[in-house]
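Undergrad: Heads up: the sequence shown at position 205 corresponds to 205 in the working numbering, and the numbers run straight through without jumps.
Simulated from the structure, these hints should not be mistaken for lab results. What you are looking at is a predicted structure, and each value in this text was computed from that prediction instead of being measured. Glycine residues also receive a C-beta, built at the ideal position from the N, C-alpha and C atoms. Heads up, a few of these hints could be off.
As the list claims (entries may be wrong) - In silico DMTMM-like links for lysine to aspartate or glutamate, alpha-carbon gap of 25 angstroms or less:
1) 96 / 46
2) 301 / 234
3) 301 / 249
4) 288 / 304
5) 121 / 234
6) 426 / 298
7) 301 / 380
8) 426 / 309
9) 365 / 420
10) 121 / 208
11) 288 / 298
12) 288 / 380
As the list claims (entries may be wrong) - Per label pair, the in silico range of CB-to-CB distance:
13) 316 / 415: 51 to 59 angstroms
14) 229 / 381: 24 to 32 angstroms
15) 206 / 226: 55 to 63 angstroms
16) 75 / 229: 31 to 39 angstroms
17) 248 / 381: 18 to 26 angstroms
18) 387 / 235: 24 to 32 angstroms
19) 82 / 338: 40 to 48 angstroms
20) 225 / 397: 43 to 51 angstroms
21) 211 / 120: 26 to 34 angstroms
22) 98 / 397: 45 to 53 angstroms
23) 271 / 225: 27 to 35 angstroms
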Amino acid sequence: MSAVDLPVQADAQGVAERIPGLWKPPIVMGVFTILVALLVLVSPRDGDSTFRWSREGDWFAIPDVSLPANLIVWVAVLLCLLCTAYAAWRSYSRLKTPLVVVAAFALFAVSGFLAWAVAGKTLPVVGLLAGALALAVPLVFGALGGVLGERAGVVNIAIDGQLLFGAFGAAITASLTGSPWAGLVAAMVAGMLVALLLGLFAITYWVEQVIVGVVLNVLVIGFTSFMFSQVLSENAGTLNNPPHFPRLEIPLLSGVPVLGPIFFRQTILVYVMYAAVFLVAWALYRSKWGLRVRAVGEHPKAADTVGIDVIATRYRTVLLAGAIVGIGGATYTLVSVPSFGREMTGGAGYIALAAVIFGKWDPIKATLAALLFGFASNVESVLSVIGSPVPSQFMLMLPYVVTIFAVAGLVGHSRAPAADGVPYRKG
């Protein structure tokens with residue numbers, strides 16, 4: 001075989017490896033299209049589905065939209081079929097399915113399912129979306145922390161432990177001081193403590209990073225559960241009664257129909273989340289610091305050669321990521337629930353990690369993925385309140401089902417940072 005033939009053969013092999021990944025989106029989309037169609041074929045619903053778009057305090061009221069439930073579902077199925085056919089054509093042409101097509105398909109499929117689920121009832125669309133944003137806050141902070149850590153070459157499986165320890169620290173500190181701001185700072189410190197342990201074992205002692213992350217999650221669960229049962233439960237009034245951040249309405253913007261109640265009638269932590277997403281995305285791609293972080297995550301040896309301290313950069317990035325994830329943990333005890341509870345994160349850190357992969361290690365895309373998972377979590381709550389016939393057991397597992405299908409079926413071909421999870425041994 002000549003030297004000229006080798007690149008050609010390698011290129012052909014690369015194309016063959018990419019083709020199965022290209023067919024993932026249309027296959028998954030086809031499966032979901034069939035599932036939506038089965039809703040009306042197996043269990044058709046009588047009555048109209050009403051979607052409410054306005055809330056009290058809007059500048060003006062948008063009329064409710066009410067249409068026959070079965071009609072909406074069939075229109076959604078038709079639109080899903082068109083998206084699936086287009087994705088299949090792209091795959092046949094050896095082209096990637098555009099993200100906008102996947103997003104449109106998800107919108108059509110969800111609309112069809114919701115129309116079927118609320119037949120004869122009224123769905124508060126604004127409340128559903130505003131609640132989804134609130135539930136996604138810890139996922140977004142967790143995903144941002146995961147992106148930073150992995151961009152620097154450290155796999156952060158301990159996101160769930162950082163969220164839980166952040167919630168624990170925020171509850172105790174806010175209860176003792178009477179200030180949610182003090183609780184927020186304590187949550188950041190708690191997240192950094194877990195991150196420091198992760199860095200110590202993964203960066204300094206070269207321990208397998210996935211194992212370290214899992215062990216840290218178990219350690220935090222055990223410690224917080226012990227403290228909850230032995231200390232917090234017996235002193236709930238003084239140690240587990242944190243004040244909460246109030247809801248802040250942004251003048252003028254909060255009155256915009258649909259958008260105002262969703263984005264501008266939230267707590268301060270949601271606005272902090274907006275800023276964090278922007279700052280992380282800008283710093284990672286537009287600053288010298290971000291260039292160094294990405295360098296030590298892609299090729300640490302080359303970074304070391306040009307004078308970048310790989311170990312120090314990884315430590316600083318992991319600690320910053322821990323502080324960001326800790327803010328997400330504070331959301332639980334300073335916004336969402338009255339007090340700290342045993343294992344209250346419910347595995348949210350693993351969903352945040354899935355958002356990192358689904359978002360292909362990009363802060364903006366990971367944020368959008370976290371919002372998707374937050375929406376799936378809130379659907380269960382809203383449908384339960386309005387009395388939907390969908391079994392509660394199915395709704396409880398919906399966020400995790402969405403996570404599995406999103407990562408396994410829609411993420412397609414993606415590449416983590418080259419040195420992600422690889423300890424750096426100088427010399």
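Undergrad: Taking the hints in turn, state whether each one holds.
TA: Results for each hint:
1. At most 25 angstroms may separate the alpha-carbon atoms for a hinted pair to count; residue 96 and residue 46 exceed this at roughly 39 angstroms.
2. About 53 angstroms separates the Cα atoms of residue 301 and residue 234, which puts this hinted pair outside 25 angstroms; it is violated.
3. The suggested pairing of residue 301 with residue 249 is violated, with an alpha-carbon distance near 49 angstroms, which exceeds 25 angstroms.
4. For the given pair, residue 288 sits about 15 angstroms from residue 304 by alpha-carbon distance, which is consistent with the 25 angstroms threshold.
5. With a C-alpha separation of about 44 angstroms, the suggested pair residue 121 and residue 234 falls outside the 25 angstroms cut-off, and the hint is violated.
6. The hinted pair formed by residue 426 and residue 298 meets the criterion: a straight-line CA distance of about 15 angstroms does not exceed 25 angstroms.
7. Among the hinted pairs, residue 301 with residue 380 is inconsistent with the structure: their alpha-carbon atoms are about 48 angstroms apart, more than 25 angstroms.
8. With a CA separation close to 10 angstroms, the supplied pair residue 426 and residue 309 stays within the 25 angstroms bound.
9. Under the criterion of a C-alpha separation no larger than 25 angstroms, the hint pairing residue 365 with residue 420 is consistent with the structure, at around 19 angstroms.
10. Of the supplied pair hints, the one linking residue 121 and residue 208 is violated, its CA atoms being roughly 52 angstroms apart against a limit of 25 angstroms.
11. Taking the CA atoms of residue 288 and residue 298, the gap is about 15 angstroms. The hint holds against a cut of 25 angstroms.
12. Among the hinted pairs, residue 288 with residue 380 is inconsistent with the structure: their alpha-carbon atoms are about 43 angstroms apart, more than 25 angstroms.
13. At roughly 24 angstroms, the beta-carbon separation of residue 316 and residue 415 lies outside the given 51 to 59 angstroms, and the hint is violated.
14. Range check, residue 229 to residue 381: Cβ separation about 28 angstroms, and the 24 to 32 angstroms hint holds.
15. Distance hint check for residue 206 and residue 226: the Cβ-Cβ separation is about 30 angstroms, which falls outside the suggested range of 55 to 63 angstroms.
16. Judged by the Cβ atoms, the range 31 to 39 angstroms given for residue 75 and residue 229 is violated: they are separated by roughly 53 angstroms.
17. With their beta carbons about 23 angstroms apart, residue 248 and residue 381 fall inside the hinted range of 18 to 26 angstroms.
18. Checked against the hint of 24 to 32 angstroms, the pair residue 387 and residue 235 fails, with Cβ atoms roughly 39 angstroms apart.
19. Here the CB-CB span from residue 82 to residue 338 is close to 47 angstroms, well matched to the stated 40 to 48 angstroms.
20. Separated by about 24 angstroms at the C-beta atoms, residue 225 and residue 397 break the suggested range of 43 to 51 angstroms.
21. Between residue 211 and residue 120 the C-beta distance comes to about 51 angstroms, which lies outside the given range of 26 to 34 angstroms.
22. The hinted range of 45 to 53 angstroms is not satisfied by residue 98 and residue 397, whose Cβ atoms lie roughly 29 angstroms apart.
23. Taken as a hint, the range 27 to 35 angstroms holds for the pair residue 271 and residue 225, whose Cβ atoms sit roughly 32 angstroms apart.
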